[in-house]
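Chains as they are written, first to last, in the UniProt record's numbering: chain Z, 1 to 632; chain U, 1 to 632; chain Y, 1 to 632.
Just to be clear, a hint being listed does not mean it is correct.
Since the list can't tell identical chains apart, any single copy or any two copies may satisfy a pair.
[Claimed, not checked] Simulated pairs of lysine to any residue, SDA-like, Cα-Cα distance not exceeding 25 Å: (1) Lys88 to Ser191; (2) Lys284 to Pro525; (3) Lys529 to Leu576; (4) Lys103 to Ser191; (5) Lys284 to Cys425; (6) Lys284 to Ala423; (7) Lys88 to Val160; (8) Lys103 to Asp149; (9) Lys392 to Gln4; (10) Lys169 to His15.
It should be emphasised that the hints constitute simulated quantities derived from the structure, not laboratory data.
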Amino acid sequence: MSLQRTLGTCYYPEHWPEDFWEEDAARMADLGLTWVRIGEFAWSRLEPAPGDLQFDWLDRAIDILHGAGLRVVLGTPTATPPRWMLTKHPDMLAVDDEGHPRKFGSRRHYCFSHDGYRDEAIRITRLLAERFGGKVEAWQTDNEYGCHDTIYSYSDAARVAFRDWLAQKYQSTDALNRAWGNVFWSMEYDSFNDIDLPNLTVTEPNPAHALDFRRFSSDQVARFNGAQVAAIRAHSSAPISHNYMGRIVEFDHFATGRQMEIATWDSYPLGFLEDRLEDDAAHKRRYARQGDPDFQAFHHDLYRAVGKDGRWWVMEQQPGPVNWAPHNPAPLPGMVRFWTWEAFAHGAECVAYFRWRQAPFAQEQYHAGLLRPDGAEAEGFAEAAQVARELKHLPKVESAQAPVALVFDYASAWGWSVQPQGAGCDYFRLVFEVYRGLRKLGLSVDIISPDTATLDGYALVLAPGVLTLSEPLKAAITGTKAQVILGPRTNAKTHALSTPIPLPPAIAGFDATISRVETIRVDTPIAAKNGGHVKLWFEQITTSEMAIEATQDGAPILLQSGNLGYLAGWPDEALLRRILTRAATAAGLTPLDLPQDIRIRDTGQTQFTFNHGPDPVIYNGQTIPFAGVAWR
Amino acid sequence: MSLQRTLGTCYYPEHWPEDFWEEDAARMADLGLTWVRIGEFAWSRLEPAPGDLQFDWLDRAIDILHGAGLRVVLGTPTATPPRWMLTKHPDMLAVDDEGHPRKFGSRRHYCFSHDGYRDEAIRITRLLAERFGGKVEAWQTDNEYGCHDTIYSYSDAARVAFRDWLAQKYQSTDALNRAWGNVFWSMEYDSFNDIDLPNLTVTEPNPAHALDFRRFSSDQVARFNGAQVAAIRAHSSAPISHNYMGRIVEFDHFATGRQMEIATWDSYPLGFLEDRLEDDAAHKRRYARQGDPDFQAFHHDLYRAVGKDGRWWVMEQQPGPVNWAPHNPAPLPGMVRFWTWEAFAHGAECVAYFRWRQAPFAQEQYHAGLLRPDGAEAEGFAEAAQVARELKHLPKVESAQAPVALVFDYASAWGWSVQPQGAGCDYFRLVFEVYRGLRKLGLSVDIISPDTATLDGYALVLAPGVLTLSEPLKAAITGTKAQVILGPRTNAKTHALSTPIPLPPAIAGFDATISRVETIRVDTPIAAKNGGHVKLWFEQITTSEMAIEATQDGAPILLQSGNLGYLAGWPDEALLRRILTRAATAAGLTPLDLPQDIRIRDTGQTQFTFNHGPDPVIYNGQTIPFAGVAWR
Amino acid sequence: MSLQRTLGTCYYPEHWPEDFWEEDAARMADLGLTWVRIGEFAWSRLEPAPGDLQFDWLDRAIDILHGAGLRVVLGTPTATPPRWMLTKHPDMLAVDDEGHPRKFGSRRHYCFSHDGYRDEAIRITRLLAERFGGKVEAWQTDNEYGCHDTIYSYSDAARVAFRDWLAQKYQSTDALNRAWGNVFWSMEYDSFNDIDLPNLTVTEPNPAHALDFRRFSSDQVARFNGAQVAAIRAHSSAPISHNYMGRIVEFDHFATGRQMEIATWDSYPLGFLEDRLEDDAAHKRRYARQGDPDFQAFHHDLYRAVGKDGRWWVMEQQPGPVNWAPHNPAPLPGMVRFWTWEAFAHGAECVAYFRWRQAPFAQEQYHAGLLRPDGAEAEGFAEAAQVARELKHLPKVESAQAPVALVFDYASAWGWSVQPQGAGCDYFRLVFEVYRGLRKLGLSVDIISPDTATLDGYALVLAPGVLTLSEPLKAAITGTKAQVILGPRTNAKTHALSTPIPLPPAIAGFDATISRVETIRVDTPIAAKNGGHVKLWFEQITTSEMAIEATQDGAPILLQSGNLGYLAGWPDEALLRRILTRAATAAGLTPLDLPQDIRIRDTGQTQFTFNHGPDPVIYNGQTIPFAGVAWR
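Let the sequences and hints guide you as you build the complete structure.
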């Protein structure tokens, strides 16, 4: 699919005098922007009092944007219900795991399980859809589900809904007791109404209890989102999106993704480096002004999988310093352009900068915009303009299937977090390290959902840490001719987070039994015979399969049987590189020995080369400046 | 006393299909086990609904075990009351120090002060004793009092009981005000009903208030345990035990120990190393797969003192990786045997492995058993079998009195925690370091209670940090011919945690006055004249006694008068070694210069040598392999 | 103004048998003390039950002190209301930010906004003033406002009072919504009664909301203190003081300072070094027994500004180890004298040692006094006596105006804490580092309030981080001929913590626009062209002014226009030293190159030299011992 690549921005007409709007729109159009997102925090201006709808100003704002030739994404304002909503629904607030209601005064102050609030959210969405359904070019539901830890709520509403969810799932407490193994510590229930939310227990709750609460919480998000989508659909044929945040794994994005046409996300490379990554200080120093070389790419590839038919955007692109990380440096000159091109290289339809003009008031005063608070051009402005010019001579940015597939499974993230078995054993981190390892070899990657039923077209497939392989994926793995690497911990659990018997990994035709799991201190990794180490997680395996990687003591690390490999531990960088290099080669691919800061994205027709480092790099005989992008 | 040394395991028939039981019992017997502990988490199966007693299955399980020649320890199931108990007694939950009820869903979810729950605990205990009192060979009350910080509860029930406890102790608020020094900040009370639990005060509460709350809390445990013991005694002459956890100091084990015949504890060397010890990363790396060389031995010696007539067991012996520490590595091959022999060397009657078969469900799925979840033998199985074979040629493991006595006083642990005066000043740690220092010199140690009235038979006695010397112990110290070392902080406090006047240590005939106490940064220890340092805690002493250790500035560190020494600070390893070496020599003992990883336990008839290191060690001309035990 | 310099102590007659009093008073007088503070924690003895006044014992104590020739400071006992107060006013407790009432059992257990308690505080104050107003020589209100984080309370009383405060300030919610920018996330209010306290919001509250809560909380302290002052004034002409703690910035000391004659504070150099300073371990090791070389001096200079007409005391001087820091070492011999002289050098009228006799009971047993608990002289006694002797030959300790002025603004501390924008960006720390930088150059400093209207007599003026310059100060800066350095972040905010437009710093006649702010990792500072670095905070400036310091990339760090400089970042020590040296030289001062441990205080007539190091230092050809003071 070849789409026009466009630029956009996020605009808050309600923040500015109405006589600014015309000039703002004109400057956006001059800059070369196509899209403007509006409305997603404006509920108190759209309905200042219950039932008092004030949509005219929004209509005028849209008209002005349209008048300048811009297209509009309208956000439903449900992430920021006004103060009067709380008077109507005093118990609508989410409750934290210590039992404190999470109060009004910022944003996302609602519990997904509160029916009264959900009805209000549907109502305002329906009203907006009725009024603007034929007018705006796209929609966004709510904003950043899960930001500020807002998926889990321990409210009364959540408790009631969780009990109902369990009753529907298990039908009887006997079935639930068996599934959870509640006999273990006399945790058996006679009534669904006796089951509480799994917070504030004396020691860890039953992991099945905790996992079901995470599943339930994710379902509540999908239910909430689905209701908004339905309300919009009834009055609009414009595509619908939700705008996701980075490294939010508390709900299943594939489930909400299926409800809509487009997935968008917020790419804040510098904020994420400081706030979302475990890498060491040397890494954070090196990339302080460019961001991690793989974190944005990972999410680009992830949201390409979340969006229906691969349709995805960056809805909020960092244009300068942000305000919310522990440290908020300015990007190196050129990075705003660089990040934009990187998104396009991974298939983004649109990259929208957050925000048009920096706000002089409230929580995000130190979050840069394309304009300064006084309306002068900020640094990002000229870089966006450069991209706009370059887009006219755009290389063909198709999104062909990549040669490598990497499974990402939200339920596994929950299962690992419920039962990490060792400090640092985090599912996202494991998958991300594998992704980074593939990228360091110059490979382009598709992230795929755990329900994928076919692996056709892939030469290499990885599914590290997927706790329970779905039947379709298991069949696809068995049937594929691609090189496949499973493990560690792949297929190690039942749906209820129990240990299956026969013991894992239980892959048909693959003789391996994990007889023991251990987790190890970061400072005592286990040396592999040929270099590198296993860290954090290691499985002892009884097997007759060939071990092509083993510890110095001879314990298998990587088993291989035909095209199927099983990795029994968490490899460090050196071991991972050797394993991936061998597998890629066996798959007929050509792994590269890239310089530290160089990454490549191959779209099928075009090969992009990105230098993420702070210095110029000579690669392939070509000097790539810092913040440099090359394509051919 | 010479007893037969036996092996055992912990078994949960309720976790497995009944048709497994027969084979399980047979395999236990074949392995050479003698004892099986059952029942301690089974309340929801013994009484699925209030009054609906279902004891038949347990009867059948016991019969099957008996049929295989095994002996049975029956645990009262009171650590895991069923969910219906909460419906009957909604306020039975303990409350944490922030005021949150500690909810159902795991275990130990009760407040020791709740009379309604205590009555239920007595009821089920009585019913079990009536039914099985003549049948089982031993009893266990509840399980692991204090695990998961469950001694202190800030519930309404605890508040009421604490007021009553204070009223009984002080008889008048005037007496309490005087004892506590409540005039200090106008904290005086007119009524016992005005006294609250000492949590959530603006800054630290009165230390006497905090200490009395700890005393009260400990008494509540003894009261709860004593009631169960009485209920059993009425129907059974089998010995009764409680199963303690490692490094739990929140209640006085000597008080509960006096109520029963046997003390048992849970020995998890690798979990403890990671989770319960302050030692540095190098230490944790070295012993990651063997456990700390002294931590288990310390508890073995402690529980020998807690058990009546020195009777003690390991009720739960780690048989492979556990699930609850920050990291959970596998033991080195041989360690399971090694730990078992170490326990026997310290006088254990029985070492029981936790657990028979690894559970495939619920909280402890990654806790190894002797069997894997699928019933195959795990690593520990063969090592247990080896011990069973070796036991037939058992060296005579008597428990003669050791030459060295070390006082351990729970009330001092509370006093130090209430008033540490400096970060890192922890009573357990102080005593443990002295114990470790003695062990590094090859000395065998008896831990003794603070009420000990005679020191006969000991050559060397240490009582570091015992805040208030009891009258019997003070008399024994004055009367003994043994070398005695007191301090730091020994006898530094009244019962109410006040400073006595005359000032400490106030030992008759020993001229020393602690005129000033200081606590010091770990990185600025005070150098001793002859090497080594004082760290953390240092007392300035006015004295006419001879200082046989002093700082480089000449301040006394160790005073000596006849056979009595007073240590004015917390010695580092080098200083401690010199002090202990001198004292042991003066006591007529022969301190050894052991290699780092070697420890010796002398039982009177047999000398055991243990190599705790990861490598073989040549000692006394003999090569001891890692995980090696030698005896002669 | 030349005043007699005096010594004093803090005494608690209610802690001791009445037959001790006479001898205590005689020993105080013999020691050379002039002042004794009493009464501030004695409410439960002054009024054991509601209305049951027992003032006679206090009268007798005062008579005895007077009889020995001592003068008395009487403290109102309102920091420690008795237990019966809580029965009368169960909701008088402050509430922490998690919603927990902060319970009785220590001290400062009240909410400043509780009218009922405030009336009680006024009542007891009035009664004491009536009885003792003509008798005592000075007064102290309450004690250590803000100690133990007691300024902010999230109680119902505070909520009601905050709403009223907002209503009075803004008059309409429209005005409030505009000032706060509540449109930002639909945070608009229709009623003041809908506004909650800014705790427990989902993510950060509106910074204007948070700042107004801090302003309100500070005003509540001033209201509480003002009421006590009025009650005393009605019956006494003796000077009134409040006794402040170190590094408490949660309320505006200038506001309370204006209500009274004298400011006093508590100087605990060793406690502060451990507990209140961010400096690294090497620094803390070096000064472990002397205290930070600048922290006490900073507060001395600060409280000279807080006290009316520069009148200030040290009300509590550390006399030996304290009990409340993470580590509590003993001072080096001589430090008690040293600290006393340092206070006099900065203008203290009186230095009072806390406390007379060490308490053998309650919370502060390990806090040294001039006497040991048994009444023997402690180390500090002889040093105090030495000062008393030296005072007779006192150098003339006038307090002339210093050549350098440094603005300290409590509201800026609140604004920075609400919106630090980067970890480590703390207002107090910034000002303190500038102060330390000035002191290292041998300069004496006056700290001045942000409302200062004239800078006459100063050669050099600094106002780093003052978020909003007051109109008087702005005019003074514009009008002065002194060298002035503003920035970073000076005048960067409106009163509502918004970004002003035109953009900061907006100093008339100074062409500079801060176009971007960034915060940076401590380990990635920005190198300055001529050495040193900018750390933590950096502003990008558009300017036509001359940059006399710039980054290696040429970005301005320090702009200079005539006598006005603007510093665009947070300088490290090397850069700061160069900047201050240049400015001081331009101001006609003579910056010195002092040894690391030497500090100088010039009072106009006398120059004191202090050696804060642990070793003797040769300075100006003279050997100054450790803990040494020289004057000429």
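Against the structure, the hints come out as follows:
When the C-alpha separation of Lys88 and Ser191 is checked against a cutoff of 25 Å, the pair qualifies only between copies, where the shortest distance is 15 Å, while the shortest distance within a copy is 32 Å. Taking CA atoms no more than 25 Å apart as the test, Lys284 paired with Pro525 passes in both settings, with 23 Å inside one copy and 13 Å between copies. Taking CA atoms no more than 25 Å apart as the test, Lys529 paired with Leu576 passes inside one copy only; the shortest distance there is 13 Å, against 43 Å between copies. In the homo-oligomer, the alpha carbons of Lys103 and Ser191 lie at most 25 Å apart only across protomers (17 Å), although the nearest pairing inside one protomer, at 32 Å, exceeds that limit.
Both within a single protomer and between protomers do Lys284 and Cys425 lie at most 25 Å apart by alpha-carbon distance, with minima of 21 Å and 19 Å respectively. Taking CA atoms no more than 25 Å apart as the test, Lys284 paired with Ala423 passes in both settings, with 21 Å inside one copy and 15 Å between copies. In the homo-oligomer, the alpha carbons of Lys88 and Val160 lie at most 25 Å apart both inside one protomer (20 Å) and across protomers (21 Å), since each shortest distance falls under that limit. When the C-alpha separation of Lys103 and Asp149 is checked against a cutoff of 25 Å, the pair qualifies both within a copy, at 14 Å, and between copies, at 22 Å.
Taking the shortest Cα distances, Lys392 and Gln4 sit within 25 Å of each other inside one copy (10 Å), while across copies they are farther apart (83 Å). Taking the shortest Cα distances, Lys169 and His15 sit within 25 Å of each other only across copies (23 Å), while inside one copy they are farther apart (46 Å).
Against the hints set out earlier in the document, no violation occurs for any number.
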